[in-house]
Amino acid sequence: MARAAKKVSRGKRAAPQKHRTARRPPLVRGYGSEPGFPISLAMRAGDFVFTSAQGDHGFNPADVVYDKDGLVISDGNSLPPRSMADETRATLRNLEASLKEAGCTLADVVDASVWLRDPRDFAEMNRAYGEFFTGNQPTRSIFRIDFMFDCRVEIKVTAYKPLKAAKRKTPRR
Amino acid sequence: MARAAKKVSRGKRAAPQKHRTARRPPLVRGYGSEPGFPISLAMRAGDFVFTSAQGDHGFNPADVVYDKDGLVISDGNSLPPRSMADETRATLRNLEASLKEAGCTLADVVDASVWLRDPRDFAEMNRAYGEFFTGNQPTRSIFRIDFMFDCRVEIKVTAYKPLKAAKRKTPRR
Amino acid sequence: MARAAKKVSRGKRAAPQKHRTARRPPLVRGYGSEPGFPISLAMRAGDFVFTSAQGDHGFNPADVVYDKDGLVISDGNSLPPRSMADETRATLRNLEASLKEAGCTLADVVDASVWLRDPRDFAEMNRAYGEFFTGNQPTRSIFRIDFMFDCRVEIKVTAYKPLKAAKRKTPRR
Chain A
-10 MARAAKKVSR GKRAAPQKHR TARRPPLVRG YGSEPGFPIS LAMRAGDFVF TSAQGDHGFN
50 PADVVYDKDG LVISDGNSLP PRSMADETRA TLRNLEASLK EAGCTLADVV DASVWLRDPR
110 DFAEMNRAYG EFFTGNQPTR SIFRIDFMFD CRVEIKVTAY KPLKAAKRKT PRR
Chain B
-10 MARAAKKVSR GKRAAPQKHR TARRPPLVRG YGSEPGFPIS LAMRAGDFVF TSAQGDHGFN
50 PADVVYDKDG LVISDGNSLP PRSMADETRA TLRNLEASLK EAGCTLADVV DASVWLRDPR
110 DFAEMNRAYG EFFTGNQPTR SIFRIDFMFD CRVEIKVTAY KPLKAAKRKT PRR
Chain C
-10 MARAAKKVSR GKRAAPQKHR TARRPPLVRG YGSEPGFPIS LAMRAGDFVF TSAQGDHGFN
50 PADVVYDKDG LVISDGNSLP PRSMADETRA TLRNLEASLK EAGCTLADVV DASVWLRDPR
110 DFAEMNRAYG EFFTGNQPTR SIFRIDFMFD CRVEIKVTAY KPLKAAKRKT PRR
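As they're listed, the protein sequences go chains A, B and C. The numbers in my numbering rise by one with no breaks, and the one at position 110 of the first sequence is 99. The numbers in my numbering rise by one with no breaks, and the one at position 84 of the second sequence is 73. The numbers in my numbering rise by one with no breaks, and the one at position 121 of the third sequence is 110.
Next comes chain A alone, as it looks inside the complex (with noise of 0.2 Å):
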């Protein structure tokens, strides 16, 4: 179960997996995949676009190993020290990606949720997300939370594209 995912930064992925895209993109539908989670990274519904809360890193479940009150100690990757800045722009790059595929970019994001293990990295948080959104600025939310494996900040956003707008990703001849 999502062997694929294990110890993959997902800041360092291969190529995003390859659709062929009609003229004229549906009015739902998903985009990207993580092996062993039934989920979509991108939803285009009409003329938003979703993504799923995502950190700067993938997880194998089978992976995890709890402390005895459930909380998450460890995931099983090995990625190196990194400062809550860089955590914060490997998130949002990743989430970049998945815009990306689903037509979109950060630009159209108006929409924000921010999850923190610790209050202490807001201010960092605060500061490195700042650099990605100096147009328009989403509405935003943000909590402490526990989350499912080792991360210190996960992000989702909405983006706003409408369809007739949104880039074609097939080349017209």
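To be clear, the hints were calculated from the coordinates, so they are not data collected in a lab. Source: prediction; values computed, not measured. Honestly, I wouldn't trust all of these hints.
In this list, chains with the same sequence are indistinguishable; a pair is considered to hold if it fits within one copy or across any two.
[Claimed, not checked] Okay, derived cross-link-like pairs now, SDA-like style, lysine to any residue, Cα gap no bigger than 25 Å in a straight line:
1) Lys89 x Arg78
2) Lys57 x Asp75
3) Lys89 x Ser22
4) Lys153 x Asp75
5) Lys89 x Asp56
6) Lys89 x Asp107
7) Lys57 x Asp135
8) Lys153 x Arg141
Got chain A sorted already, so can you dock chains B and C onto it with the hints?
Same frame as chain A, but now just chains B and C:
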């Protein structure tokens, strides 16, 4: 307050509230209710249908017993022991019933949020959840959380079902 | 950073930022801001208006004091003691102000998320909340959470208000 909801598993609730539906359903409309709660269980807004976060049973706030830190010990229900898989399935069937009142099915779901009391339940929940989403796979967020009642999982979904495609609820003659 | 927000209850804030609004408002637009935060307080996207999660007062991240586990002890504000009902009402009035800037009211809300620091506040919050939603009752999610600042409740809403029905912000002559 909410007496009627006490010890009634939503999964076993009686026939859903009937609505007389005009030929053209309204752009905004709430469906379903819980005694004592100023909410709808599903709400159509344009092409989208939102649900409230739901567990596998209702509760009466007056019956909830808390520990010294304010966490829920009991909600006054005495439900039979059930696996995480069964609790997940019952939760999704409740959502399915709410979506049905609003003219949708789980196949129309485009985004989901899942909350678990214990991260160790992730894998079992994930498998049961996957049984319900074999076509289009919605984007998803999952976090550990403390609930307002004695519950191990709650789920909330957003569906996309343009009005012209919504099922008529009253047969035409 | 965010000095201006210090010790200013949002409920008492001065006149909201003025916008010059064209006859036809744009499809995507942010409304309201908080010094030091790269966010909008409300954001229109097509027929929907999202808000940020809001409490009853603002905070300056630099003033927050944490305990050894990273939980918030103080946010540097010295607000008068207030009941959960009053904190809920002030929070909803802040959301109302944000929605108003975007041409909506609480009557347009279709979905809400509520977070409480202490589940024992549920019943009191629920009653105060109900005072604001006596017509269409939005779907709702409620969870216990730890906040980024010294707060007992935060709420976020999604409103549905098609553009052609949005109020003109500049009077016609």
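Verification of the supplied hints:
Taking the closest pair of Cα atoms, Lys89 and Arg78 come within 25 Å of each other only inside a single copy of the chain (16 Å); across copies the shortest separation is 33 Å, beyond that limit. In this assembly of identical chains, Lys57 and Asp75 lie within 25 Å of each other by CA distance solely across copies; the values are 24 Å between and 30 Å within a copy. Proximity of Lys89 and Ser22 under a CA criterion of 25 Å is satisfied intra-copy only: 14 Å inside one chain copy versus 28 Å between copies. For a Cα distance limit of 25 Å, the shortest separation of Lys153 from Asp75 qualifies neither inside one copy, at 35 Å, nor across copies, at 42 Å.
For a Cα distance limit of 25 Å, the shortest separation of Lys89 from Asp56 qualifies neither inside one copy, at 37 Å, nor across copies, at 40 Å. For the homomeric pair Lys89 and Asp107, neither the shortest alpha-carbon distance inside one copy (30 Å) nor that between copies (33 Å) is at most 25 Å. In this assembly of identical chains, the alpha carbons of Lys57 and Asp135 lie at most 25 Å apart whether taken from the same copy (14 Å) or from different copies (17 Å). Within a single copy, Lys153 and Arg141 get their C-alpha atoms no closer than 37 Å, and across copies no closer than 42 Å, so neither meets the 25 Å cut-off.
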